[in-house]
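Chains B and D: place on chain V using the hints.
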Amino acid sequence: MCFLCLFVATCSAVSRRALLILLLLAISFGCKSGAGQRVSLPARVTRVVSLAPNLTEIVFAVGAGDKLVGRTSYCDYPPEAKAVAEIGDTLHPSLERIIALKPQVVLISTSSQLEVFTQQLQNQNIAVFVTDPHDLEGVFRSIQEVGEMLGQKDQADQLVTKLRERTTAVEQAVKGKQPVRVFYQVSAEPLYTAGHDAFVTDLMRRAGAASVTANVPGAWPKYSNESALAARPEAIILPTGGSMGSVNSDVTEALRQSPAALHGRVYKINDDYLTRPGPRAIDGLEAMARALHPDAFK
Amino acid sequence: MNRVTLRKTLISCALLGAVLLLAIVSMSLLGSERLPARASLCALASLGSSACGLTQDQFDILFQIRLPRILLAAAVGGSLATAGAGYQALLRNPLAEPYLLGISNGAAVGTMISLVFFGAIEWTRPLLAFSGAFAATFAVYRLARGRAGATPERLILAGVIVTTFLSSVIVFVTTLMDATRIRSFTFWLLGDLSGSSKALLPVAITITILGALTLTLHARSLNLLMLGERDAFDLGVEVGRVRMVVFLVASLLVGSSVAASGSVGYVGLVVPHLARLSLGSDNRISIPAAALGGALFVIVADTVARTIIAPRELPVGAITALIGAPLFIYLLKRV
Amino acid sequence: MLEARDLTIAYDHRTAVADLTLSLKAGEITAIIGPNGAGKSTLLRALNGQIPKVAGVIMLDGQPLQRLNRRSISRHIAVVAQEAELRFPVTVLEFVLGGRFAWATNSGWGWETERDLEVANAVINETELRDLSARLMNELSGGERQRALMARALATEAPILLLDEPTANLDLSHQATLLTLVRKRCDQHRSAALVVTHDINLAAQFANNITLMKQGRAVHSGTPQEVLTPEILQEIFEVRVLVDAHPITGGPRVTPIISA
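As you go down the protein sequences, you meet chains V, B and D in turn. Okay, so the first sequence: first residue is 118 according to our numbering, each after it adds one. Okay, so the second sequence: first residue is 344 according to our numbering, each after it adds one. Okay, so the third sequence: first residue is 468 according to our numbering, each after it adds one.
In isolation and in its complexed conformation, chain V is listed as follows (with noise of 0.2 Å):
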């Protein structure tokens, strides 16, 4: 089901009407996948190619940097991961390289869309792990999960301990208080929101807020201005400055006269802690949380 979704998303990298209409479709009503699937990993694994950036942090943060053979351009953090061999960016790896660095396995993130990639990989022996927590658990499991495979059980588990630490502190801070009206815009122009499926929905209902579009299907909804003017959100999330650069550094124009806008509540975050599923998406939380209940954290 989601597999389909995906295939035909990634046919639709050419200009046929037909194909980018479905993708828009594929892509507004998401993909729900579920935990990290096996595919016949070996005992021992020291050679590893990461085609996601999250997955990428998830490695060095457990520890198991030294076995990262491949990365994908996009792979900027930590700064350690600059030294690896790039395979290509996230849409468009390159399956000889990959094939040269000869990795025992794959990791790949499904939001990539590297569905029809799996299926070569898997001819060429090479074993592929797919992973694409759509929520803070996801976001821990999967570190348990790789942690596990790189042979650093130990170290992910401290890890996950640490970050379950730091997300519970926050929900107690934020507990009690009033959630805030948030309105979390991906883009200003067309205008794109986090919609229920997306990873920062929930992020945001642990930092104290309600997501005025927590509820609309799929992951990044293209999302009406007439519906964002009426929800009057208390507060704006920009995610922008990381990898996105300046762009989306302004609040998109049917929200100017909004409560947020005019209270000066819009909140810069950088992207990459917001749409990276992996251990920054704590500080991301963080972020959050305190820019929306700055009270809390005296």
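Read the hints as simulated data drawn from the structure, not as lab findings. Note that the Cβ used here is the ideal one computed from N, Cα and C, for glycine as well. It cannot be assumed that every hint is accurate.
Listed next, with one range per pair, are the computed distances between beta-carbon atoms [said to hold, decoys possible]: (1) B:K541 to D:E552: 42 to 48 Å; (2) D:E698 to B:M587: 37 to 43 Å; (3) B:M587 to D:Q655: 50 to 56 Å; (4) B:V368 to V:G362: 39 to 45 Å; (5) D:E550 to B:M587: 26 to 32 Å; (6) B:V368 to D:D598: 18 to 24 Å; (7) B:K541 to V:R349: 48 to 54 Å; (8) B:S392 to D:N573: 39 to 45 Å.
Just chains B and D now, kept in the frame of chain V:
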């Protein structure tokens, strides 16, 4: 069918104009947020001077978001249909349309360049869209010029070459974009009227009206051109000059539409066809009718696009394609 | 009315017309005859102002053709086309009204005047298309369409008519009708006509003047009697012919001799 007279033209245009006005008013009552109908009508009738009981938010939604969007839809639809009618007359081909000649893709490439390299600077977008449209027109024209002049066959061939080339450029640049940009760009490429560059709206409307007027003022020449360039020449039409005017005006119309809203397809193909089917091939009536009909078509399509999965939106180009393609197949069978 | 002096037209290293001098006089039909590639059609196009680069002079009523604008040329010279491109539906009346474009006061716009309608209906009658005037052009037969083309040219009220192989696709009765129409125009309205044709015998009957062209040059010119001789025709067409007197009209009748 009787020959077209001034009276017949004025009556048809007045009727279409009335329907268009009705559509503007009624579609502005529809949207992802419910507005009280009576109060909205009252506010519209007062042209915004009185809120008639609408809350500030409702008033803003109606006058800051919906109405400008509907007017933009009208401008885009009118421009594309007029350009389509012009190309069909000039190329003597009832199936000619702006996309066929690569003009829309040229404008799209121009817009892409502005997004990728001049992202922050707003006014580069329409400017580069026009430039792209003109450049594509120029390229097509130069490619098509043979000894006998630019015959329709050569023009269409040149157009197809330019279109496919530019399509691959678009795909190439798309692969250089990151995931977020791709998502929003893909949406735009399929036609997106939600852009809020209200400053450009008066420009877009002016261009539509001036463009439609200019082509209508050449309607009699186009009537003769439609029956053969050589015959038109013999009968007194300055073929080279009229061809240049149509090309330039149509490029301007298409460039302005694409800059505002991406590529909205099928309008330039289906609407002029319908206009000719119902009112005759005389351009004096079919060009203004196409302009008004195009505006109507895109207004309705956009209303569907912004209400059918509310509060989410579909690209309007998807709706015009869903309506236009079957309609076109039906028209093909009739011809 | 219309004359060409020392006209030379060359393109792509080929000389299509060389040092040609020709003059059309009111009330006269001039036929241009010659083998394929002799430059006849090019000559016709040049006389209509369609070829911008020519050496020599083309004068229309004493004015050089290059100095005149498209519309005024069209008021004086009408081309009767061989066939029409009918990709869009148009009625006969609308089609014939197209001939009135040159008289429109506004450039690309404007509506037909009463006079326009009068003229159009008159020529529709003249070409016996009255019953068909509301029908669509592509519903007409080949002969009817040819008459419509003729009607459109006549609707321009231009005193000079240029016809490029007008009888090529017509059966005998239509050939006669068409040329009779041209003859009538020249006789009654003092028009001048230039007819490019392969049909020597038709030309012999209808033309006042025949010019024979070969390789871009006007080799012989004169009345049918004068130029339709076996010697001249053999020179032009490189074929033996028999020329005798037509038993009814008395004019020259040409028959090629094809030895078995």
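Could you check the hint for me, namely that E550 of chain D and M587 of chain B are 26 to 32 Å apart, CB to CB?
-> The hinted range 26 to 32 Å holds for E550 of chain D and M587 of chain B, with Cβ atoms some 27 Å apart.
Note to self: Verify the CB-CB distance for S392 of chain B and N573 of chain D against the hinted window 39 to 45 Å.
What the structure shows: Since the Cβ atoms of S392 of chain B and N573 of chain D sit about 40 Å apart, the hinted range of 39 to 45 Å holds.
Exercise. Okay, K541 of chain B versus R349 of chain V on CB: inside 48 to 54 Å?
Worked result: Since the Cβ atoms of K541 of chain B and R349 of chain V sit about 21 Å apart, the hinted range of 48 to 54 Å is violated.
Please check whether V368 of chain B and G362 of chain V have a Cβ separation lying inside 39 to 45 Å. holds, 43 Å
Next on the checklist: Assuming the hint says 42 to 48 Å, is it satisfied by the Cβ distance from K541 of chain B to E552 of chain D or not?
Outcome noted: holds, 45 Å
Cβ distance range 18 to 24 Å for V368 of chain B and D598 of chain D, holds or violated
violated, 49 Å
Using the C-beta atoms of E698 of chain D and M587 of chain B, is the stated range 37 to 43 Å upheld? With Cβ atoms ~52 Å apart, the hint is violated.
Using the Cβ atoms, figure out if M587 of chain B sits within 50 to 56 Å of Q655 of chain D. The hinted range 50 to 56 Å is violated for M587 of chain B and Q655 of chain D, with Cβ atoms some 41 Å apart.
Violated hints for the displayed structure, listed by number in ascending order: 2, 3, 6, 7.
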